[in-house]
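Keeping the supplied structure of chain Y fixed, place chain U upon it in accordance with the hints.
Number of protein chains: 2
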Amino acid sequence: MYAGALMATVKKLSAGVIRTDREMADGRTIRYYDSTPAEHSAIDQRPKEAQPEIGQMRYDALLGEWVSMAAHRQARVFLPPKEMCPLCPSQGELLTEIPENNYEVVVFDNRSPSFRPPSTDWKLPVIDSLNTPDGQAAGKCEVVCFTPHHEGCFADLSPQQVRAVMEAWRDRTRELSQDPYIAHIAPFENRGEEVGVTISHPHGQIYAYSFIPPRTQKHLEIARAHHAKTGRVLMDDIVAREIHDDVRIIARNKQWIAYVPYAARYPFEIHVAPLKPVADLALISDIAADAFPEIALEVLKRLDGVFGMPMAYMASWHQAPVREGHDVLRLHWQITSVRRAPGKLKYLAGSESAFGAFIMDMNPEQSAEQLKNVQL
Amino acid sequence: MYAGALMATVKKLSAGVIRTDREMADGRTIRYYDSTPAEHSAIDQRPKEAQPEIGQMRYDALLGEWVSMAAHRQARVFLPPKEMCPLCPSQGELLTEIPENNYEVVVFDNRSPSFRPPSTDWKLPVIDSLNTPDGQAAGKCEVVCFTPHHEGCFADLSPQQVRAVMEAWRDRTRELSQDPYIAHIAPFENRGEEVGVTISHPHGQIYAYSFIPPRTQKHLEIARAHHAKTGRVLMDDIVAREIHDDVRIIARNKQWIAYVPYAARYPFEIHVAPLKPVADLALISDIAADAFPEIALEVLKRLDGVFGMPMAYMASWHQAPVREGHDVLRLHWQITSVRRAPGKLKYLAGSESAFGAFIMDMNPEQSAEQLKNVQL
Chain Y
1 MYAGALMATV KKLSAGVIRT DREMADGRTI RYYDSTPAEH SAIDQRPKEA QPEIGQMRYD
61 ALLGEWVSMA AHRQARVFLP PKEMCPLCPS QGELLTEIPE NNYEVVVFDN RSPSFRPPST
121 DWKLPVIDSL NTPDGQAAGK CEVVCFTPHH EGCFADLSPQ QVRAVMEAWR DRTRELSQDP
181 YIAHIAPFEN RGEEVGVTIS HPHGQIYAYS FIPPRTQKHL EIARAHHAKT GRVLMDDIVA
241 REIHDDVRII ARNKQWIAYV PYAARYPFEI HVAPLKPVAD LALISDIAAD AFPEIALEVL
301 KRLDGVFGMP MAYMASWHQA PVREGHDVLR LHWQITSVRR APGKLKYLAG SESAFGAFIM
361 DMNPEQSAEQ LKNVQL
Chain U
1 MYAGALMATV KKLSAGVIRT DREMADGRTI RYYDSTPAEH SAIDQRPKEA QPEIGQMRYD
61 ALLGEWVSMA AHRQARVFLP PKEMCPLCPS QGELLTEIPE NNYEVVVFDN RSPSFRPPST
121 DWKLPVIDSL NTPDGQAAGK CEVVCFTPHH EGCFADLSPQ QVRAVMEAWR DRTRELSQDP
181 YIAHIAPFEN RGEEVGVTIS HPHGQIYAYS FIPPRTQKHL EIARAHHAKT GRVLMDDIVA
241 REIHDDVRII ARNKQWIAYV PYAARYPFEI HVAPLKPVAD LALISDIAAD AFPEIALEVL
301 KRLDGVFGMP MAYMASWHQA PVREGHDVLR LHWQITSVRR APGKLKYLAG SESAFGAFIM
361 DMNPEQSAEQ LKNVQL
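Chains Y and U supply the protein sequences, listed in that same order. If you count the first sequence from 1, position 63 lands on 63 in my numbering, and the numbers rise without skipping. If you count the second sequence from 1, position 161 lands on 161 in my numbering, and the numbers rise without skipping.
Bound conformation, chain Y alone (with noise of 0.2 Å):
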């Protein structure tokens, strides 16, 4: 047994749910959410083993852009099957991520982690085209688990269950936005092996990065851009046409609005969007944050509606980064499907991935409608 082990914080949160922390054999730290009082004392059983070296960014001066190299990552835990799956609560012989035999919700450190956190003295390398040099990955990698149950997915969870899971995503942004190199944090869920998943118990991810990623700079920009012109903050502007043109919304409550947007470039993407807008996750009320279980799972349930099974989809929290951006970026959740019919994926293929360039084989009021139409 290492001294770790012994040590437990606990943290109070809203809407009744306890963090406790936990360090791992390796020294990662686990931190368990509960909305129902648990006690967590159960001691990763095993055997140390040494966390991967971080990672190299090295700049991309063709596209003034920074690429992550993880080259351990490549080992990595692929599609494990369920007597093996290390997101289970450990069982007898099983010791998994989670010590414990039983949990509400998880979080902790990726232990294949795309990013870690950098020596001391690090700093963002300046960018000067091809002289800009090589830096640390750094940033960090979080998993959250979103219930001890293997099979089942997002949708089938309790509200009790979604609120602690919100709960976590705003704790974990708030505690995020303090290490002095995280600059965005993007909480996000892939759901289906379509999209990648290489584990099935339903997860979802947490990076934190050291830059502001390429997409979210270019909202930000374009956000800007808006404001200056307008004095108005876009995504405000944009819920406002949705809202005025009701055709494409799906769902709402009294704090929030789900709506497949003007120019979606999926078959099937919604966006969730408070009605008091926030700049974060650390922003959101606790009256927003009790409203969001009800709107997520609709949302959800009507996403697998469509084709009547399961849907693959990526669903992204995209918020202001940490030190900018807060006058003029808002908070909300896109979620994107690529599948466009029960036998038929979109694929990002040359037009998308190559140029940049979207292409809609559906209209995204026929979406709405196909979305609206579903029976809960």
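Just so you know, nobody snuck in bad clues.
One copy or two, either will do: identical chains are not told apart, so a pair holds if it fits within one copy or between any two.
DSS-like cross-link-like pairs, simulated, lysine-lysine; straight-line CA separation at most 30 Å: (1) LYS82 with LYS48; (2) LYS254 with LYS12; (3) LYS123 with LYS218; (4) LYS82 with LYS344; (5) LYS229 with LYS218; (6) LYS12 with LYS276.
These are calculated hints, taken from the structure and not from any lab test.
What follows is chain U alone, placed relative to chain Y:
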């Protein structure tokens, strides 16, 4: 029979390639490119069908990009069996897109195009955030059949065949550049069902956009900034670095160089550039065009050799837009493969798709080494 079927126009290109144009039953044009003289008198016997209407372009105000809606494409041909392949030569009862019972290389207008020629008074709408009006999805989409043989792939072509394909790419770039509504020309090939190929017959496509696609726009901005700062062309400096570093070069001849780029984004990514830089395919010299088949075939054979299996890839020509950036952008061919191991693909999932931040699972030098080590 209709009048157009009787007309054929013939044009002499480089390397002894002859282009013969004929009209298809529904009014589309098919262009035969032959390096061995051939007569093309076969008439498209199929019933005349109405062509799809032009789609819509919507401005995505959140990201500042055009998204094209092509709802009619939803019903396009999807993985037809060989005996129903629309890209094989017509044989007996099988009436395909190619009326002749043999051909060398053909280029014809796509039957399910994402873009179509617009009305004569068309102009790209002026972009003004949410006030940007919708536009017609103006442009052209063409199919390039590399060979009459259904089996096989680009890497199996003879050098003479590749030379004819190159001549077709040059010719199409020259001709499409004349259309006043074409802003950018993008020849590309998707290979493998893993990247969404819907017809397995070896073929590529040409997308001629009425706008500069987002990724090309970014290339352009970055190259302009580099030029403004250094007075030099970015791509020239990039190729010079690759030659200097030497470790990532996987093939070269007197006219071309092929390398894994310094900040590669895909497990296997190869850029192929002419050593005498030019802005686009129309400007490439005959000497360079003649030397292309050798390096193209070597590169693709190396790619298939890495795992001893056909490699899913996207191969795309990046060139300067039609009326912009000829001073700062340079032609090159980018081949990217999503296969990271024999049974594993790299997916553009959360980090890449939602945030634009690429994570590479191996080092570019390691990838180059594997490509170089392939015994041809």
